[in-house]
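*Asks:* Chains A and U are the protein sequences, given in the same order.
Residues 0 to 621, numbered by numbering that gives the first Met the number 0, are exactly what the first sequence covers, in order.
Residues 0 to 167, numbered by numbering that gives the first Met the number 0, are exactly what the second sequence covers, in order.
Calculated from the structure, these hints are not laboratory results.
Backbone N, C-alpha and C fix where the C-beta goes; we use that ideal spot for every residue, glycine too.
A portion of the hints provided could be inaccurate.
Stated by the list, open to error - The following label-pair restraints were derived from C-beta to C-beta distances:
1) G181(A) - R13(U): 53 to 59 angstroms
2) E31(U) - K54(A): 44 to 50 angstroms
3) D15(U) - G181(A): 36 to 42 angstroms
4) G56(U) - G181(A): 40 to 46 angstroms
5) G287(A) - A107(U): 57 to 63 angstroms
6) E585(A) - Q8(U): 55 to 61 angstroms
7) P50(U) - V330(A): 24 to 30 angstroms
8) N207(A) - S36(U): 31 to 37 angstroms
9) G33(U) - T291(A): 55 to 61 angstroms
10) T443(A) - E31(U): 45 to 51 angstroms
11) L605(A) - G33(U): 48 to 54 angstroms
What the hints assert, rightly or not - If you want the footprint, here are the derived chain U segments under chain A, 3+ residues with CB under 8 angstroms:
12) 28–42
13) 104–116
Stated by the list, open to error - Below, simulated DSSO-like cross-link-like pairs (lysine-lysine); rule was C-alpha separation at most 30 angstroms, straight line:
14) K169(A) - K20(A)
15) K133(U) - K273(A)
16) K574(A) - K558(A)
17) K273(A) - K328(A)
18) K137(A) - K85(U)
19) K273(A) - K22(A)
20) K85(U) - K475(A)
21) K57(A) - K20(A)
22) K85(U) - K551(A)
23) K54(A) - K85(U)
24) K481(A) - K328(A)
25) K45(U) - K612(A)
26) K45(U) - K481(A)
27) K137(A) - K444(A)
28) K328(A) - K551(A)
29) K45(U) - K574(A)
30) K371(A) - K125(A)
31) K133(U) - K57(A)
32) K592(A) - K551(A)
33) K45(U) - K602(A)
34) K551(A) - K574(A)
35) K169(A) - K26(A)
36) K410(A) - K5(U)
37) K133(U) - K511(A)
38) K529(A) - K133(U)
39) K125(A) - K410(A)
40) K551(A) - K593(A)
The residues making up each chain are set out below.
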Amino acid sequence: MARKGSTAIRTSSELEQYRDKVKKQSKSITKRVYVCVGTGCAARGSRVLYDLFVKAAKESKADVKIEAKCVGCHGFCERGPIVVVDPGLVLYQRVEEPDVAEIFRETVLNERIIERLLYEDAVTQKRVKTAEEISFYKAQERIVLAGNGVLDPTNIDDYIVHGGYGALIKAITTMQPEQVIGEIEKSQLRGRGGGGFVTARKWKSCRNAEGTPKYVICNGDEGDPGAFMDRSIMEGNPHCVLEGMMIGAYAIGSTQGYIYVRNEYPLAVEHLTKAINQAKNMGLLGSGILGTDFSFDIRINRGGGAFICGESTALMASLEGRTGEPRAKYVHTVESGLREKPTNLNNVETWANVPAIIDRGGDWFASIGTEKSKGTKVFSLVGKVVNTGLVEVPMGMTLRQIVEDIGGGVKDGREFKAVQTGGPSGGCIPAEHLDTPVDFDELTKLGSMMGSGGMIVMDEDTCMVNVAKYFVGFLKDESCGKCTPCREGLAQMLHILDRISQGEGELVDLRKLEELGELLAATALCALGKTAANPVLSTLRYFQTEYEEHIKNRRCPAKVCRGLFRYDIDPEACKGCGICAKHCPENAITGEKKKPYVIDQKKCTLCGTCFDKCPFTAVLKV
Amino acid sequence: MEQETKFVQEIVERYDGDAGMLIPMMQDIQVEYGYLSAEQLRRLAKQLDVPLMRVYGVATFYSSFRLAPKGQHEVTLCMGTVCYLKGAGRISEVICDEFQVEPGGTTADRLFSFQPVNCVGACALAPVMIVDGKYYDGVTPASAIDILHSLPSEEETVEEAESYGKDK
């Protein structure tokens with residue numbers, strides 16, 4: 000823990016001295032247990048594991064220094080809680096409370112491996128010892144997530160030991176603001192929040208804009224369902240975000256920063272608040288930072304639970320205490336943003352890239368990735384995939400490599416159907432385009448987009464009409480209602496999709512959907528409305544036959560849309576227990592004990608209770 | 000009543016009476032009282048000297064604000080894409096049916112408030128339900144109902160505490 004109000008650091012050499020001091024202290028510790036306390040692992044009880052390890056380390060009579068550390072998300076949420084023991088960096092997965100004593104005794108004290116807690120490779124069936132050997136991690140390249148799983152996010156000393164705030168020193172003591180922007184320009188960094196706008200250009204415009212004060216904002220209102228990259232960065236390495244903002248503020252000439260965090264992310268708020276207080280206590284935030292005349296402060300604002308506030312002008316309206324309604328951007332926010340002052344807004348992941356770029360140079364960053372998309376991108380790889388979690392890969396890796404090599408392919412041996420990228424504004428990409436390299440421009444060509452980095456794998460049991468309906472329903476609820484095309488258009492689209500999924504659609508509906516989609520793209524006020532039709536248009540583009548099947552044959556091929564398939568009992572699998580008949584609200588199931596039961600299709604209302612209740616999975620969807 | 004007026008005043012002072020900090024102020028009031036009553040919104044508008052309409056607009060625009068008292072327990076169901084694909088929609092239906100509650104509403108006996116939310120970002124655990132801050136992973140319609148049926152009501156909690164006291 001950072002000592003409260005301890006070392007006030009006034010110059011850059013003092014920070015270096017301080018770094019040496021904490022490094023020395025850290026070196027005396029020879030054994031470490033890293034316990035992931037990210038939301039995924041914590042939900043499975045890793046906080047308790049951490050407390051137990053701390054207790055064990057304290058009570059240990061061994062004559063070596065042992066430290067139990069809570070660390071941010073490793074990304075491998077599927078196998079949580081994750082515990083790593085050093086030396087050896089032995090990775091244990093699915094650790095439970097009773098395992099703690101054994102891990103401490105065997106691995107921490109005696110460096111013996113506990114086989115059963117190791118990860119078993121799905122393909123080779125071999126148990127592997129370290130993260131590097133796991134295919135999920137092997138193909139990744141971590142810049143933004145480098146500190147996750149290593150750093151204690153609640154301890155500024157730990158960040159400093161690992162070189163933290165070195166980039167800040169470099170920027171504010173050896174570089175002019177223009178040089179900092181030049182370095183970012185060289186890196187060709189593009190915004191990670193969705194639009195992919197060139198970061199350096201934004202910074203430059205804001206620096207050159209007239210008016211003071213200037214503001215910088217970190218957009219942590221990660222609203223895309225199925226995406227949690229920014230949450231993990233804010234939770235797992237908050238100082239990295241702060242350092243990025245400080246460097247940006249120096250380059251732009253800003254004195255006040257804001258971090259707008261989603262209301263659903265309490266742990267991120269907690270860790271960021273701690274980090275800001277620690278940085279203030281050390282004098283890294285405040286006036287006259289490191290003996291220069293650069294002054295900067297950061298405040299956290301919690302969102303109110305509105306998806307639209309991820310849009311920059313809506314976010315700024317929210318920061319002003321108003322309803323989060325976007326405005327037309329004839330005048331850019333870099334000229335007139337928050338309180339009508341020049342404002343530079345970047346996404347969490349964009350800010351988190353900045354320290355590494357200043358530290359290692361723009362050329363290094365630009366050497367990674369594709370021609371127009373540089374660096375790495377963090378994706379949350381989720382859905383019907385074997386290895387769910389956070390992955391950071393160089394731009395240009397193909398979708399197939401991400402889904403199959405890192406993700407381990409589709410779960411339960413089902414067939415791959417599509418991967419959805421870009422959140423509610425993105426689209427569904429089918430199997431034939433899996434070899435597309437992932438970057439900003441390639442995904443847009445396919446009718447989807449990079450978005451903030453959600454990547455949702457869908458299998459053959461996923462109905463694409465239902466997916467489109469889900470996203471349109473989501474956006475209809477989240478539309479702020481300011482402009483008519485978005486407010487009314489989405490409601491109409493949802494109405495049509497509803498009818499199709501109930502088997503009441505007509506073929507002409509498909510053309511209506513396309514027309515509404517084009518209307519939205521051309522006339523809606525903000526990006527939410529302009530891109531809202533993407534999930535519909537992309538599924539129409541690649542899965543039109545599935546829509547037609549719903550309309551012409553009143554059948555849902557994936558057997559998801561209720562009413563467009565029926566339930567039947569498999570006489571082979573039915574054990575005649577009678578549970579289905581007992582629970583059927585319509586008394587539509589009859590039969591004798593120990594003999595196969597039968598559903599009376601005339602009486603059946605397709606409620607699905609029998610399907611949910613059957614202990615032998617003998618009720619089938621046909 | 001006077002106490003509540005004082006509390007609102009304190010909150011306003013906490014943010015130097017800056018009307019731009021309306022949302023954090025309302026969040027603080029909600030943390031204290033569990034919801035925003037009409038009376039408090041009126042007080043806040045008066046203290047800040049902004050139209051009540053603006054305060055009410057903000058209160059109804061953002062989904063995290065409540066205008067009615069919440070139940071004893073807080074039940075959050077994730078409706079993110081992954082949870083939805085894995086059946087969260089059905090879970091929501093079943094809960095609403097079984098407990099006669101609307102999404103965003105509270106059961107008639109005030110046992111729990113039911114809030115489906117966009118995404119809690121714990122996709123590896125899908126479908127996820129959060130009850131009073133505790134995460135349940137891989138929830139099914141049946142397990143969700145079981146979890147909610149086993150929630151202790153206030154009387155039970157009091158009784159338990161009393162009997163616990165007697166044993167001592």
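*Asks:* If a hint holds in the structure, say so; if it doesn't, say that too.
*Replies:* Results for each hint:
| no. | hint | in the structure |
| --- | --- | --- |
| 1 | G181(A) - R13(U): 53 to 59 angstroms | violated, 42 angstroms |
| 2 | E31(U) - K54(A): 44 to 50 angstroms | violated, 35 angstroms |
| 3 | D15(U) - G181(A): 36 to 42 angstroms | holds, 39 angstroms |
| 4 | G56(U) - G181(A): 40 to 46 angstroms | holds, 44 angstroms |
| 5 | G287(A) - A107(U): 57 to 63 angstroms | holds, 60 angstroms |
| 6 | E585(A) - Q8(U): 55 to 61 angstroms | holds, 59 angstroms |
| 7 | P50(U) - V330(A): 24 to 30 angstroms | holds, 26 angstroms |
| 8 | N207(A) - S36(U): 31 to 37 angstroms | violated, 48 angstroms |
| 9 | G33(U) - T291(A): 55 to 61 angstroms | violated, 46 angstroms |
| 10 | T443(A) - E31(U): 45 to 51 angstroms | holds, 47 angstroms |
| 11 | L605(A) - G33(U): 48 to 54 angstroms | violated, 40 angstroms |
| 12 | 28–42 | violated (count 0) |
| 13 | 104–116 | violated (count 1) |
| 14 | K169(A) - K20(A) | holds, 20 angstroms |
| 15 | K133(U) - K273(A) | holds, 23 angstroms |
| 16 | K574(A) - K558(A) | holds, 24 angstroms |
| 17 | K273(A) - K328(A) | violated, 35 angstroms |
| 18 | K137(A) - K85(U) | holds, 28 angstroms |
| 19 | K273(A) - K22(A) | holds, 21 angstroms |
| 20 | K85(U) - K475(A) | holds, 21 angstroms |
| 21 | K57(A) - K20(A) | holds, 23 angstroms |
| 22 | K85(U) - K551(A) | holds, 27 angstroms |
| 23 | K54(A) - K85(U) | violated, 38 angstroms |
| 24 | K481(A) - K328(A) | holds, 15 angstroms |
| 25 | K45(U) - K612(A) | violated, 56 angstroms |
| 26 | K45(U) - K481(A) | holds, 27 angstroms |
| 27 | K137(A) - K444(A) | holds, 29 angstroms |
| 28 | K328(A) - K551(A) | violated, 44 angstroms |
| 29 | K45(U) - K574(A) | violated, 69 angstroms |
| 30 | K371(A) - K125(A) | violated, 39 angstroms |
| 31 | K133(U) - K57(A) | holds, 28 angstroms |
| 32 | K592(A) - K551(A) | violated, 40 angstroms |
| 33 | K45(U) - K602(A) | violated, 61 angstroms |
| 34 | K551(A) - K574(A) | violated, 37 angstroms |
| 35 | K169(A) - K26(A) | holds, 25 angstroms |
| 36 | K410(A) - K5(U) | violated, 57 angstroms |
| 37 | K133(U) - K511(A) | violated, 44 angstroms |
| 38 | K529(A) - K133(U) | violated, 38 angstroms |
| 39 | K125(A) - K410(A) | holds, 19 angstroms |
| 40 | K551(A) - K593(A) | violated, 40 angstroms |
The structure fails to meet hints 1, 2, 8, 9, 11, 12, 13, 17, 23, 25, 28, 29, 30, 32, 33, 34, 36, 37, 38, 40 from the earlier list, while all remaining hints are met.
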